[in-house]
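Trainee: Given next are the chains, with one letter for each unit.
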Amino acid sequence: MEKRNSLNWARALAKGILLFAALNLLLAAIGPFEAPFGIYNWLVPGRARFPYGENPAAAYNLSLYDLGAMFASHELDGAGVPGSEFRVLILGDSSIWGSLLRPEETLSGQLNALHLLCSGKPARFYNLGYPTLSLAKDLMILREGMRYQPDLILWPLTLESFPRGRQLESPLAANNTARLGALARDYNLPLTLDSLTPPSFWQRTLIARRRPAADWLRLQLYGFAWAATGIDQDDSQTFQPAARDLEDDLSFHDWQPPALPLDQMAFELLSAGRAAAGGTPLILINEPILVSQGQNSNVRYNFYYPRWAYDQYRAALAQTCQANGWTCLDAWDRVPQEHFTNTAIHLDAVGERLFAEFIYENALAGSCQKP
Amino acid sequence: MSLVEVAVFLGLALLWRTAAGGRARGWFLLGLSVLAIFWLQPATALRGMDTWLPLAALGLAVLSWVATVDPAGRCWRDQLPALALVLGLTLGLGLLRFVPLPDWLGAHRPPPLGQIAAGIGLLALVVLLAARLPGRVARAGALTLLLVLFVLLKYPPLTAWVSGGLRLLTEQPVHLASALDLRWLGFSYLAFRLIHTIRDRQAGRLHTFSLQEYLVYLFFFPAYTAGPIDRLERFVSDLRAPLGSLKGDLEKALPRLLSGLARKFVLADALALVALSPTLAAQIQAPGWLWLGLVAYSFQIYLDFSGYTDLAIGLGLLAGIRLPENFNRPYSKPNLIQFWNNWHITLTQWFRAYFFNPLTRWLKRRLPRLPQALVVFSLQTATMILIGLWHGIALNFVLWGLWHAFGLFINNRWNEQVKPRLPDLSARAGLNRAVTVFSTLLTFIYVSLGWLWFLLPDAGQAGRVLLGLFGWGG
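Protein chains in written order, with my numbering: chain L, 237 to 607; chain H, 1020 to 1493.
Looking at chain L on its own, in the form it has when it is part of the complex:
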C-alpha cells in the first residue's frame, strides 16, 4: 500500500509538472492572450466604468491592462441587443471616467439621468473613459467599442491628449502594443512603436504573465464587493484643489510662444477615430477646462495650459473640424472654476451636470427628447 501511494505521488507530481510546462508553451506559442470573460454581467452587474484604481482594498477596483477583460467587466458587455436602446459610447480621459466621482455623478451618469428618448428609443450612455491623457488610447478603446454597435459616439478631448510624444505614455497603450501596431498599420498612423517591444516568447508564458492573471482574478473577486456596494473608487480620498494662483510661466511642455507646433500634435488620430467609427455619428467635444481667475491668470488658464498654446489649439481644432465636416463642440469655458476639483480638467458632480446639459442642448436636443 505504501509503495503504491509513493508511486502515485511521484507520477502525479511528474504529470503536474509536465502539464504545467505544456500549458506554458502552448500559451506562449499562441501569442499574447487576453481574458475577455469573467463573472461580470451574469453573476454580478457589469461595472459602470472601466476598472481602474490604485487602492483596491478601498475601491474594490484595480488597474489592469487587459482590454478584453476590461470590456468584459463593463456594463456595456452586458447591454441588451443593439437596437433595443439608443447606445451612446463616451470616450475620454480621467475627467470622463470620473475621478473623485461616483458612477452616477460622472458625465455618462448625468446624461443617463436625463432619461432621454433618442430616435424613439431610450438613450443609454456608456462611460468608456480611462484615466490617462492619450488620443491613441482613446482610439484603441473606440475600435474595441465598435463591436457593441453604438448609435452615437461622444469623444471629449483636451490639448494634453494631443502631443504625439505622449501617446504611448499611457500604461494601457504601452501594454497593448499589438493593438496599437494594428491601429498604426490600418490608419497609417505615425506612432513610434519602436520603444515598445512586443512580448517575447518567454514573456508570453503563464509564469511570466502571473501578475496579469492575478489581476484578472482579483478583478473578478472584487466584483462581489462592487455589486454589493456600488463603490468602484476609494471614496475616502481627500484632494488638494487644483491651483488657481499660477506661475508666470509661458511654456507648454517644451514649447514656447509664439506658435504651437501643430505638426507635433496628433490630429491624425482624430481622422483615424472618424474612420474607425465608420457610419456611426461621432461628435468631438473640446472638454471644459479650469479657467482660473487667480494670480497670473492673464498668462495661463490653469496649471496645464498657457493661454497662447490653448487658444491656438482651440483654433486648430475648430479649423480641422470645419475642414473635414466633423461635428464638434467646444465646451472649454462652460464650467465655472468653482466646479473643478483636483486638476484643471476634473469636474465635481455639478460641473459634470453642467457639461451634460451643454452636450444635450448643443448636440442631442435635435434628435432626443427629455421625458
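These are computed hints drawn from the structure, not numbers from a lab. Take the hints with a grain of salt, since some may be wrong.
[As the list claims (entries may be wrong)] Counterexamples of contact, computed for chain L against chain H with all Cβ distances above 12 Å: (1) Asn244; (2) Ala248; (3) Glu380; (4) Arg445; (5) Asp471; (6) Thr474; (7) Pro517; (8) Val535; (9) Thr556; (10) Cys604.
[Unchecked claim] Okay, derived cross-link-like pairs now, DSS-like style, lysine-lysine, Cα gap no bigger than 25 Å in a straight line: (11) H:Lys1266 with L:Lys251; (12) L:Lys251 with H:Lys1271; (13) L:Lys251 with L:Lys606.
Ideal Cβ placement from N, Cα and C applies to all residues, glycine included.
Following the hints, put chain H in place on chain L, whose structure we already have.
Mentor: Below, chain H alone, put in the same frame as chain L:
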C-alpha cells in the same frame, strides 16, 4: 508565515535532511527556531522591539524551564551548550546591525550589541534569582508573570499605555504610542505552552527535560506563530525517536504542504477579497450580499487557519515531529458541540485540560448540590468567554464567547432532555440524512453568525449587521 518564509524553512529543512543526513536534530531545530522567532517577529514603530520581544520570549522560556525542572535535575553544566547556542545566535543577530539586509529578510535593525548584552544580563539575573526560589514559588511567580503580560498585551488601552512608558524611557515620541507597538508575534501560543508545562509540573505530571528539548518544544518554528499547541512529553518523544526515511517523510509532508499552500495562499487569500470586513459591513445594505460576505468570511478564516496548520504539520513532518491535528472538517459537523470538538482542536483541549475540567472538579467539590444545568451553563460560559478573551480583551470577544456558550448550552440541553424523547431515526436512512443535513446547515449558520462578533470590533455594528442579515433595521 509568508510564502517566502515557508520556502526558506522548507529549503533549510530539506538541506539539513539531505546534506547533513538529519544529524544533530535537536541542535538544528533549536538553532533554526531561535533564528525564526527573530526573523518572523514583525518590526514595530517602537525602535528595537523586533529584537527585545523575541529576546524576552527566550528569557521567559528559560525562566519557565527553571521553574518546571526538578532542582536536582537542573545541572547547568549540561545545559551550557543550549545556552551557548541561544546566546551566540542572539548576539550574532545583533551584528546584523552592521549588515544591509535584502528586503525579503525583513527590515530589522537590531539595537547596539552593548544593549543586547545588557538585556541578556538582566534576563540572566532574573533567571538566577528564580533558580534560588523554592520551586512552587518560582512556578507561581512565572504563572503570575504570564497572566500579567497577557493582560498587558491583549487589552489595547493598557498596551498603548505600556508603549507610552517604553517610549518615554527610550526617548521616542510618546504621543505616537499605540497597541501595535507591542505586537509580540507568537506570544499567545508561547503562553499556552508555558502554562501547560508549569501547571503539569505543579500537578506533578511533568518529567524533567533538558533545556534544549524544552526550548525546541516552545519555539519549534513551524508551530511557533499559530500552533498547533502540542504537549511537551508527546513532542519530546518524537524529538528523541530516530528520524524516518526522508522519502517516507516527504510522502507524508508533501500533501500537507500543498494543501496548506492552496488553502492559505490561494483560497483564503482570494476569499479575503469577498469576505465581510468592518468597512464592507458599513457599506452593504442588502441582506443577500451581507450573507455572501459572511459565508465568505467563515470559509476564509477556516481555510486560512487550517492552511497554516497544514503548513506547520507538513514542515514538522520533515523535521520528524508529528504535530497534532487542529481541524477536522468542523463545518461538516451536525451540532455545536461537535463543531468545537473539531475546530482549533488543540486550543479547546488546552482549555478543557487547564480550565474546564479543574473548574468542574472544584465546583462539584465545593457546591455538590448545584443543579447540573446550572453547572454546565456556568462552566461553558466561563470557558467560552475565556477563549474569546484570549483573542483580545474587548467586548466583542466576550459577546462571541457568550454566543457560543449559549449555543453549547442549548445543544447540551437538547441532547439531555429533548433528543431522548424523539423517535429513533437510525432505521430511516433518508430522513436521518435529511435531519443531519439540516442540523449541519443550522450549525454552520449559527457559527457564521457568531463570527460577526469576532470580525467586527464594534459590538454595536455587529448587532446592526446581525439584524440587517434578516432584513431588519435600517
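Trainee: Hint by hint, note whether the structure agrees.
Mentor: Hint-by-hint comparison with the structure:
{"no.": "1", "hint": "Asn244", "in the structure": "violated, 10 Å"}
{"no.": "2", "hint": "Ala248", "in the structure": "violated, 10 Å"}
{"no.": "3", "hint": "Glu380", "in the structure": "holds, 27 Å"}
{"no.": "4", "hint": "Arg445", "in the structure": "holds, 17 Å"}
{"no.": "5", "hint": "Asp471", "in the structure": "violated, 9 Å"}
{"no.": "6", "hint": "Thr474", "in the structure": "holds, 17 Å"}
{"no.": "7", "hint": "Pro517", "in the structure": "holds, 39 Å"}
{"no.": "8", "hint": "Val535", "in the structure": "holds, 44 Å"}
{"no.": "9", "hint": "Thr556", "in the structure": "holds, 46 Å"}
{"no.": "10", "hint": "Cys604", "in the structure": "holds, 33 Å"}
{"no.": "11", "hint": "H:Lys1266 with L:Lys251", "in the structure": "holds, 19 Å"}
{"no.": "12", "hint": "L:Lys251 with H:Lys1271", "in the structure": "holds, 19 Å"}
{"no.": "13", "hint": "L:Lys251 with L:Lys606", "in the structure": "violated, 64 Å"}
Checked against the numbered hints above, the structure breaks hints 1, 2, 5, 13 and satisfies the rest.
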